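J.: Take a look at the letters that make up each chain.
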Amino acid sequence: MDYKAVIIGGSAGSFQVVTKIVSSLPANYPLPVILCLHRLKHVRSGFVEALSIKAQMPIVEPNDKEPIKSGKIYLAPANYHLYVELGNRFSLSTEDAVNHSRPSIDLSFFSASYNYKRKLVGIILSGANKDGALGLKSVKDNGGLTIVQDPNECQVPTMTLASMNATNVDHVFSTNKIINFLLSLA
Amino acid sequence: MVTNEDVQRFITAIKMASTYDFNDYSDRSFKRRVEKLLVDNHMDINQLSLKVAKDKDFLEKVVKDITVNTTELFRDPEMWSTLRYQILPKLKKNKSIFIWHAGCSSGQEIYSMLILLNELGMFEQAKVFASDINSDMLEVAKKGTYKYRFNLGYLDNFDKVIKENPLNYEDVKHVDYEKYFDIDKVKDTITMKQFLREKAVFRKHDLVKDGNIFYSKFDIIFCRNVIIYFNNKLQNSVIELFSNSLYREGYLILGAHESILGPVANNFERTKGFYRKKQF
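Taken in sequence, the protein lines are chains W and Y.
Residue numbering for the first sequence follows my numbering, starting at 1344 and increasing by one per position.
Residue numbering for the second sequence follows my numbering, starting at -16 and increasing by one per position.
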């Protein structure tokens, strides 16, 4: 089980879950963790700081063409789409919103699954729209591992249910099980 | 599903039929733009490649549709406040200030800067040049008319940069919107005042191949959220162009999440997201 990256998408109701996941990963976690979360366009700073207080891994909003490194948490910057390019770098784009969202979870998941193929873990958390469903399908279609947060546990289950509709997900996990799984990769 | 080979053939077709070269654009966003073109034109990649090879007007239209044109008035207010309180005061004593907006898109960045310069009493000494690869966007920029309701955020940004002072909350300036633009709620437009619209010189320009077309060096070059669409190699050659086009101690202003990664970074000092060309 040699995964190269973890990518997590979430929207409404996911902040507490993300905080819990992020605070559970050790400082020397061996994979990059890419977070693509919907947030208010004008709330630019503050989010990274809020997560950083809880996290042991360093959290950054990546710059364009920044190389992707293990042991870091990358948060998609507000008001940009975040792509993973071949050659293991990020790129950013200000193209129109997709699924009313920028960053769009689908776009980040498409590009990550294209780059990492079966060596990617894709996780969809609580959320109020369908952005991310096709992205998770792309992870599955490229041979990666797919996980959704248990809809019964989600504050808003639209995103996870849409993902389960779009593809045959590998695991439906509670937050604690997601954490245990991620720790098992270390 | 468009493959990398498809995209490559399309890029080659454009290159053979024109002076445009998209080989060094970022893969993921370029591929996505191509996919959008296919949907919008109801064509497959072969039809599209064939048509750009044969039809010059269609090729020009495709080039316009491929490039991304997102911008807003005072995008990233914190950057504009830094410019206002920390950068521009250093240039005030200069007789002239040469400014280039490279990749100006629909022009909001130009008007943001002009408003700021006017507030600081530096409007007259500024020589403003603007360029974009997309001639339609240059026309929009010259007109200086934008949708009003869709862009209500412009007014919030204006308030943050022009009326408020992040270093001193008691320092609130009273500046009427009418000083700089007319809002027509019936037509749903916001239009920049004539004295702003007359200021800049506009030229069509392709950063990939055109070099410095203004026969001038610059004190400030803006190029925000443009080089994100270029790969590392092209980014470096564009930054090289900017470095050669700046006066010593001139400023290069990139987007909030752009940085200089190659060796040309050694030509600059970085402070607070601004790159300043070194003296030597």
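If you are wondering where the hints come from, they were derived from the structure by calculation, not from laboratory data.
Keep in mind that this is a model prediction, so the values were computed, not measured.
Heads up, some of the hints might be wrong.
Here are the simulated BS3-like pairs of lysine-lysine, each with C-alpha atoms no more than 27 Å apart in a straight line [to be verified]:
| id | chain 1 | residue 1 | chain 2 | residue 2 |
| --- | --- | --- | --- | --- |
| 1 | Y | K125 | W | K1415 |
| 2 | Y | K78 | Y | K47 |
| 3 | W | K1412 | Y | K255 |
| 4 | Y | K76 | W | K1397 |
| 5 | Y | K216 | W | K1347 |
| 6 | W | K1412 | Y | K78 |
Covered stretches of chain Y (chain W as the covering partner; in silico rule of three or more C-beta atoms under 8 Å from a C-beta of chain W) [said to hold, decoys possible]:
| id | segment |
| --- | --- |
| 7 | 149 to 158 |
| 8 | 235 to 241 |
One-sided excerpt, in silico: chain W residues whose CB lies under 8 Å from chain Y [claimed, not checked]:
| id | residue |
| --- | --- |
| 9 | E1392 |
| 10 | S1395 |
| 11 | K1408 |
| 12 | P1420 |
| 13 | S1434 |
| 14 | L1435 |
| 15 | S1454 |
| 16 | N1485 |
| 17 | E1496 |
Cβ atoms here follow ideal geometry from the backbone N, Cα and C, with glycine treated the same way.
J.: Hints broken by the structure, by number, lowest first?
T.: Numbers 1, 2, 4, 6, 7, 9, 10, 16 and 17 - these are the hints that the structure violates, sorted from lowest upward.
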